[in-house]
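Chemist: Sequence:
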Amino acid sequence: MAFNLPSVGNKASKPSTPGARAAPSGTPAPLPLIGRLPLAKQLQLLVSLLALTAVLAAAVVFLDYRAASNGTVFVQVSGEMRMLSQRIGKATQAASFGNEEAFRQLADARQRFVQSLGLLTQGGEADGVVVPPSSDAIMPMVETLQREWEKTDRDIQLVLAQQKNLVGLAGAVPSTGTANPTLAELAAQMLNAKNAGRRVVDGSEALLGGTQKLVSAYRDELAGRSANFAAMGVLALLGVALVWLMVRAYADEQTRQAAGAQRQNRSTQEAIQQLMDDMQRVAEGDLLVKAAVTEDVTGAIADSVNFTVEELRKLVGHINEAAGHLTTASEAARDTSTQLLGAAEYQTREIGETNAAMLGMAEAMNEMSASTAQSAGVARTSVAAAQKGRAAVENAIAGMNDIRGQMQETSKRIKRLGESSQEIGEIVELISDITDQTNVLALNAAIQAASAGEAGRGFTVVAEEVQRLAERSAQATKQIAAIVKAIQADTLQTVAAMEKSTQGVVEGTKLSNAAGQALADIGEVSQTLAQLIESVSAATQKQAAGATSMASNMQDILRITQQTAQGTQRTAASLDQLAQLAQGLKSSVARFRMQ
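Residue numbers (the numbering used here): 1 to 595.
Since the hints were derived computationally from the structure, they do not count as laboratory data.
It cannot be assumed that every hint is accurate.
Unchecked claim - Lysine-lysine pairs mimicking DSS-like chemistry, simulated, CA-CA at most 30 Å apart:
{"hint": "1", "residue 1": "Lys-412", "residue 2": "Lys-478"}
{"hint": "2", "residue 1": "Lys-412", "residue 2": "Lys-314"}
{"hint": "3", "residue 1": "Lys-314", "residue 2": "Lys-415"}
{"hint": "4", "residue 1": "Lys-500", "residue 2": "Lys-485"}
{"hint": "5", "residue 1": "Lys-485", "residue 2": "Lys-412"}
{"hint": "6", "residue 1": "Lys-478", "residue 2": "Lys-415"}
{"hint": "7", "residue 1": "Lys-415", "residue 2": "Lys-510"}
{"hint": "8", "residue 1": "Lys-164", "residue 2": "Lys-90"}
{"hint": "9", "residue 1": "Lys-510", "residue 2": "Lys-412"}
{"hint": "10", "residue 1": "Lys-90", "residue 2": "Lys-213"}
{"hint": "11", "residue 1": "Lys-290", "residue 2": "Lys-314"}
{"hint": "12", "residue 1": "Lys-213", "residue 2": "Lys-151"}
{"hint": "13", "residue 1": "Lys-290", "residue 2": "Lys-415"}
{"hint": "14", "residue 1": "Lys-388", "residue 2": "Lys-510"}
{"hint": "15", "residue 1": "Lys-151", "residue 2": "Lys-164"}
{"hint": "16", "residue 1": "Lys-151", "residue 2": "Lys-90"}
{"hint": "17", "residue 1": "Lys-500", "residue 2": "Lys-510"}
Whenever a hint applies, use it, and build me the whole structure from the sequences.
Modeler: As structure tokens, this is what we get:
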């Protein structure tokens, strides 16, 4: 058995694939500090630093956004306070002249200024944004503005307290003279309010200056977020650098792995080439080959090849040994099958002669069984005929009995019919009498109607119609009476005939009973004869069936014997082929060298 390995060449053939080229002489320099660590550890550290940088950047962005939002609110609030300081001065001047609308504007401006000042000093919510108190750098200016506001606020409260008097004074001036003592008294009382108003106007200028400084300070603070922008830029650059380091670490690792793979590939190809050379020797029939087991990837394959060659060497030895045993055994079996073939042929001849004798005996028994079966059939036919005759007699007797009963019943009904016809005759006589009376009454009615003249003419028609009906009824009654008499005469004749027929039926029944008894005796004798013939026929059939079964069994034995002889011949031929195959098997493994 030869092994054909078309892909196996000699040692001089080397693969020329791109993977077999020499690896680069140099490898990229590792990253500083972490370059000695595994790639997974390097990526873990770089990803952690990148995540930390992202968190810091998010924090800076959040703080910058919060500072921008708070600064915008502070600028808006301080600008509103600047506007309110001017509105307070104008409203105070107008309120000093008793303008009621100015008092409302002054109170509203005061309340809004107090709320805005509280937002700057204590913090709070403005336009949906919660802001903290002003920063430490601006808080001194806020406190200065608060002190100015406290002085101005006292004067504002004094002016608001005199609202009623000032409004009343403004209304009283057009309606009073200059010498009015009440007006003079009010003017004297409002002098303090006027002075307070002037102080408020003067103080509004100081408030305007303070709020202007606050607006400038808040704008400067809002614009002074360059440090946040610088921090965000630095963090962005740091993130980009970390991403670049991650890409470089991964690329360096891929480069190193590619170089190692090339070296490993070259070593593996050399080991595979050596292994293929060893397998080529095995294919040529050298089972003494032993592949070198190394630490390369082909070491396990070489070990498997050595194991396979060892097992193949054992298998070839077993095949040689088994082929010798098989040749000896096949020759012995061939001799035995030749002897069995001769015995089977002799047995076939003997069984054929015995089978012919059994078939002749079975044929004779079948003929005797057929004759007996015909006799039994004749006997059964006689029994059946006797039973049919007896059944016919019994049916005739039963029919005569039924006829006698029906004739008796018919005679009774005819007698009742005669009696009924007599009753009908009496009723007809009664109807005839009624008809005569009706005719007489109709005649009398006609006479009465005629005597009545013109008034009884309609009744005359009715009387005539009744008379005609009475005459027709009389005629019909006479006809019915004649028919009834004829029925009575026929009934008497029918009754006499029925009595004679009944007597004849009784005599026929007696004769039928005698015939039925004779047929019953004939049936019993025929039944006994049929049973005896059937017993003989059954015994003959059993013997014939036994002989036929024996002949069939002998035929089966003959067929099996013939099949055995044929199988023995095929076995002998197969043993010859087996001996040839064993010799060929020994020849095919003779080329292997095991020593």
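Chemist: Mind checking the alpha carbons of Lys-388 and Lys-510 for me, to see if they're no more than 30 Å apart?
Modeler: 19 Å, holds
Chemist: Between Lys-290 and Lys-415, does the CA-CA distance stay at or below 30 Å?
Modeler: Roughly 137 Å between the alpha carbons, so the hint for Lys-290 and Lys-415 is violated.
Chemist: Straight-line Cα separation of Lys-290 and Lys-314 no greater than 30 Å?
Modeler: It holds: about 15 Å lies between the C-alpha atoms, which stays within 30 Å.
Chemist: Check the hint pairing Lys-412 with Lys-314 against an upper bound of 30 Å on the C-alpha distance.
Modeler: 122 Å, violated
Chemist: Is Lys-412 close enough to Lys-478, meaning Cα to Cα at most 30 Å?
Modeler: 28 Å, holds
Chemist: Take a quick look at whether Lys-314 and Lys-415 sit within 30 Å of each other, Cα to Cα.
Modeler: The given pair, whose Cα atoms are some 126 Å apart, is violated under the 30 Å limit.
Chemist: Is the hinted pair Lys-213 and Lys-151 satisfied, with a Cα-Cα distance of at most 30 Å?
Modeler: Distance ~19 Å between Lys-213 and Lys-151 Cα, so the pair holds.
Chemist: Assess, step by step, whether the Cα of Lys-500 is no farther than 30 Å from the Cα of Lys-510, and give holds or violated.
Modeler: 16 Å, holds
Chemist: Is the straight-line distance between the alpha-carbon of Lys-485 and that of Lys-412 30 Å or less?
Modeler: With Cα atoms ~19 Å apart, Lys-485 and Lys-412 stay inside 30 Å; holds.
Chemist: Starting from Lys-90, check that the Cα of Lys-213 is at most 30 Å away, please.
Modeler: This hinted pair holds, its Cα atoms lying about 21 Å apart.
Chemist: Within a Cα-Cα threshold of 30 Å, do Lys-510 and Lys-412 meet the stated pairing?
Modeler: Satisfied, since the Cα-Cα distance of roughly 24 Å is no more than 30 Å.
Chemist: For the pair supplied as a hint, Lys-415 and Lys-510, is the alpha-carbon distance within the 30 Å limit?
Modeler: 28 Å, holds
In summary, the numbered hints that this structure violates are 2, 3 and 13.
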